[in-house]
Structure formats: C-alpha cells, structure tokens
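**Student:** If you're matching them up, the sequences are chains S and H in order. Mapped onto the UniProt record's numbering, the consecutive letters of the first sequence carry residue numbers 1 to 266. Mapped onto the UniProt record's numbering, the consecutive letters of the second sequence carry residue numbers 1 to 256.
It should be emphasised that the hints constitute simulated quantities derived from the structure, not laboratory data. Note that beta-carbon positions come from the ideal geometry of N, C-alpha and C, so glycine has one too. Treat the hints with caution; some may be incorrect.
[Said to hold, decoys possible] Just some of the chain S residues that point at chain H, by a computed CB distance under 10 Å:
(1) 39
(2) 40
(3) 171
(4) 176
(5) 181
(6) 184
(7) 262
(8) 263
(9) 265
Residue strings, one per chain:
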Amino acid sequence: MADPKDGKPVPFRGGGFAPKPIAWMGPLVFVTLIAAMEIGTRTGVISNLTLPRPSAVLMTFVSLWDTGLLWKHVVPSLSRLAVGAALGATAGIGVGLTIGLFSHIRAGLVPVIAAIFPIPKIALLPLFVIWFGIDEASKYALIAFGTFTPTVVATYGAVDSVDRGLIRMGQSFGLSGLSILRKIVLPGALPGILSGLRVSLAIAIILLVAAEMLGAEYGIGAYILEAGSLYDLERLFAGVTILSLLGVGVNWTIGRIERRVLRWRV
Amino acid sequence: MDLHLDQITHRYDGAPVLDGIDLHIPTGRIVCLVGPSGCGKSTLLRLVGGLERPSEGDIRQIGTPPDGCLNPLTYVFQDFALLPWRTVAGNIALVLEDHGLPKSRIDAVITDVLARTNLSDFRDALPKQLSGGMKQRVAIARALAVEPAVLLMDEPLSALDSQTRELLMEDLVGLWTRQAFTAVYVTHNLDEAVRLGHRIVLLSRRPGRIRDIVEIDTDLADRRAGQADLEEKRAHLWSLMRDEARAADAELVTHG
Ligand SMILES: Nc1ncnc2c1ncn2[C@@H]1O[C@H](COP(=O)(O)OP(=O)(O)OP(=O)(O)O)[C@@H](O)[C@H]1O
Ligand SMILES: [Mg+2]
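Please construct the entire structure, taking both the sequences and the accompanying hints into account.
**Tutor:** Printed below as a string of structure tokens:
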C-alpha cells in the first residue's frame, strides 16, 4: 500500500465570495489618500493649483465652524434634504406598493415611471420654480421628485420578490387583505425598499446641491458655487467634504436601520 | 365536519390534471393521498382548501366545524411557510390576531400548542435558529392553534431527513391519539401513508384518477414500522404505484 506521507495535500480552492465587515479598512483608505495628498502638495509633487492641501481645507473647516457659518449653510441644506427626501420616499413607497399589488395600476404606471426615470430632474427646476415659487417649496419638490422614481422602482421590485408561499399561507389562514399587506408583504419587501433608499437618498443629495446652486443664499450648494466661482479650492473642497460626510452619514444610518429591523435575515 | 368531493375535474390551460375524483373525508380520520409525481395531489389539496376553484364538480362541508374553530380548513405546507421576521410565538400569534381575541387568550393558546408540540423552550426563537424538524413542528403548532376542522398537509415531512421524519410521525400519532383530528395527508412516501393513514387513496398518473383505495383498521398507536399487515398493504400500493410511475416516466420521454 502507498505510504500516506508520499501524498501531497489537497489544494484549497474554497473561500471568498462572502463579504465580512472589516472595520479598519475604510478609514485606512481615507487616511492613506489624504496623507498622500498632504505629502504630495507639501513636497510640490502636486501643484497647489491641482489640489488644495488637506490641512488647509481643515483650517477652512475650522474657521467655518468658528464663525458659525458652517451651521448657517448646513442647517438649511439638511432641512431641505429631510423634507424633500421624506416626501419623495413616502410617495415612492406608496406608489411602489400599489404597483406591486394591483395589476391594473402596474400596467398603467410602470411605463409612466419608465418615461420619467431618465429625465434629469434638474432640467425641470425652472418648471418647479414656476409651479411652487422660487423659495423652499420648489427645492423640496425637486428633491422629492428625484427620490420618488428610484424608490418606486425599488419598492415594486421588492414586493414582487416577496415569497408567494407566505402570502398563500396568510390567505389559507383567512387573514384579511390588510393583515397580509401589513404583516407579510411589507416586512418581506423591507430589505429591498431599504437598499433602494440608499440609492434614492444619494440622488437626493445630488439634487439638493443642484437646487441650491441654482438659487439659494445659504446651503452647501450655494457655498460650493461661490467658492468655485472664485476658484477658492480650499473652500470648494471643504464644501465637497461636507457632502461626502453627509453621504457617509446617510449610508451609516440606513445600515443601522437594516441591522435593527432585518435581524431576522439568515 | 366531513368533507365530500363530488366528481372533481380540474384543468390548467385546457390540459386535465384531475379527472372525476369522488372522495369522502370522514371526521376524525386521516386520509392519505399518494400517487406519482405530477398527478395532481397538491392541486387537489389546493381545491379542497379553497385556494383554487375546480373546473368541474363541487366540494362540500358536511356538518359544522367544532366550537372554537377559527379556520376550518388549515394547511401545513411542505416548506413550512413561517414568517422569518417573527418569532415562534409571533408566527402562531399571526393566525390568531385577526380574530379579535384578547391578548391573554392568544397567549394561552400559544402556550398550549407549544406544549403539545414540545416547543415551549423555543417560544422566542426566530425561524433561522431552528432546524427543519423544529420549523415543521412550529407550523403544526400554528395549524393546531386555530382548532381546525380538517388539516390539509402537503408532504409535511418531505423536506426532512429520515430520522426527523420518524420522530415527527410519532408526534403526529401522539397528537392524533390524544385528540383525533381530521386530515388529508399528501405524501410520496408509502411508509408514511401506511403509518398515518386510515384510508389511503392512490391516484393514477396525470390526469389523476382514483386508482385504488386501501383502508387500514389498525389503531394508529399500535402501528410499527415493518409490521406484517402494514408491509402487505405497502407492497400492494407499491406494485400499483410502480406501474403508474413507470408509465408516467415513459410518457415524459416520448413527449419530449
Ligand atoms: N398553476 C398551475 N398552472 C399550470 N399547471 C399547473 C399549475 N399547478 C400545477 N400544474 C401542473 O399540474 C400537474 C399536477 O401538479 P401538482 O403539483 O398538483 O402535482 P403533485 O401530484 O403534487 O406532484 P408532486 O408529487 O411532484 O408534488 C403538474 O403537471 C403541474 O405541472
Ligand atoms: Mg405536490
């Protein structure tokens, strides 16, 4: 018989394709990028006209904070985002659910949604200004409209993916239509709706800035526009950093919500 | 409450699946439906429970459901159909909540059915934490919670391994012995049929017709695996079913 010691070990071919959280990786990438920028601009490898020095951006940030200007810009932006995105997401989830549940509404509305989805919503701002006035209302409308379409698409897709077996089970126990909707369809669609919201809210931030650039005294968009027209790269980057932080914050919040409400997921 | 099926014929897109089924389901008995794959067993069960309407014929309830019955015709599904976002207790509460019962009554029912299915320790577990056998126990507990007049079980043990299946069969026999329930029990497995069925209905290949009905009078609690009289019935059913299955197989090949 052959000696087992002569054999070679079976090569390992498994592993991978299973994302796991690695907490330090994200910060490491950020720190490395920022450090490279700092070193590059200090040593002159990167000219001051190409990129501002991160430390200078930080100083701008500190002075924004000290003068209280930071909140003057961030607070109106946040409230626009909150109101607009809440309106758009609520309407989007509602319409998405009715599309998911009723064949007639689906047949009628899906082509309409497909037609308005690719319109760059920013092109419609003048229309919204005429309809809702130059003030906050037109900004809310723009953000809401931009959030609405992706939310609708994500929601009815999520409703379609709810296990039909569970719905039959509900019917077989004589549950009312409303109970089936509240206790089976909605929770079953929740994972899809939440991951759709990640996309919708990122779009909402983009539209927020666009709306503020086109007409606002205060707001992150207005601040960035002003810095850009003066070619003040430090302030431009300070503004952009705020936006990135906003995006990270929104993503983190949705992640927390998912962890809380989707604990049941395998 | 008895169920009576009269000349049930069912077609999908014009193609017959079931043809002229006459069947009586007496109170307190377990009727097993066996037959080759695709012969329409699940379809028949859906018709009996009112999830689909038969193309022809009618299904009648004779007599009234027992007092306290919340859902006369209650299913136990092959894939358990538990809501993954609800705990064991929550899954059972789901089918009680729509009936306007006071909270204390719901709790009492849950405690009772969990005790009857040996699940009391798992009250707050989520389905993902349970093995397949446990999940099916929860589904059975949920079905018992509505005090059904007739249990409709579609291959309830098929997704389980053979040891778990054996244990659950013993549990079902125990439940039936303590309180006789009425059931229509669909299965592929003739061992299950001769262990649990008072009456075994063999369907032919598609379109399903009744090929044979076998009555077994031995008390459920007295049946053992491999018992001579059961083996004899099993062999008889198998010889009929083998021919049907073989013919069904050949048909699939010739029709492409
Ligand atoms: N909704 C449907 N539409 C069209 N055809 C269907 C539908 N449901 C079932 N069928 C067909 O009807 C036939 C009977 O199906 P059914 O599921 O009742 O068989 P079964 O006896 O339960 O089979 P199995 O043993 O594999 O579970 C099959 O040929 C199936 O393809
Ligand atoms: Mg079946």
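**Student:** Run every hint past the structure and note whether it holds.
**Tutor:** Structure-based check of all given hints:
For residue 39 of chain S, the shortest C-beta to C-beta distance to chain H is roughly 49 Å, which exceeds 10 Å, and the interface hint is violated. This hint is violated: residue 40 of chain S has a C-beta 49 Å from the nearest C-beta of chain H, more than the 10 Å allowed. A distance limit of 10 Å between C-beta atoms decides the matter here; for residue 171 of chain S the minimum to chain H is near 7 Å, and the interface restraint holds. At its closest, the beta carbon of residue 176 of chain S sits 6 Å from a beta carbon of chain H; the interface hint therefore holds under the 10 Å criterion.
The interface hint given for residue 181 of chain S is broken, as the beta carbon of that residue sits about 13 Å from the closest beta carbon of chain H, more than 10 Å. Look at residue 184 of chain S: its Cβ gets to within about 7 Å of chain H, closer than 10 Å, so that hint holds up. Interface hint at residue 262 of chain S: satisfied, since its Cβ lies 8 Å from the closest Cβ of chain H, which is below the 10 Å cut-off. At its closest, the beta carbon of residue 263 of chain S sits 8 Å from a beta carbon of chain H; the interface hint therefore holds under the 10 Å criterion.
Hint status for residue 265 of chain S relative to chain H: holds, with the closest Cβ pair at about 7 Å, below 10 Å.
The earlier numbered hints that this structure contradicts are 1, 2, 5.
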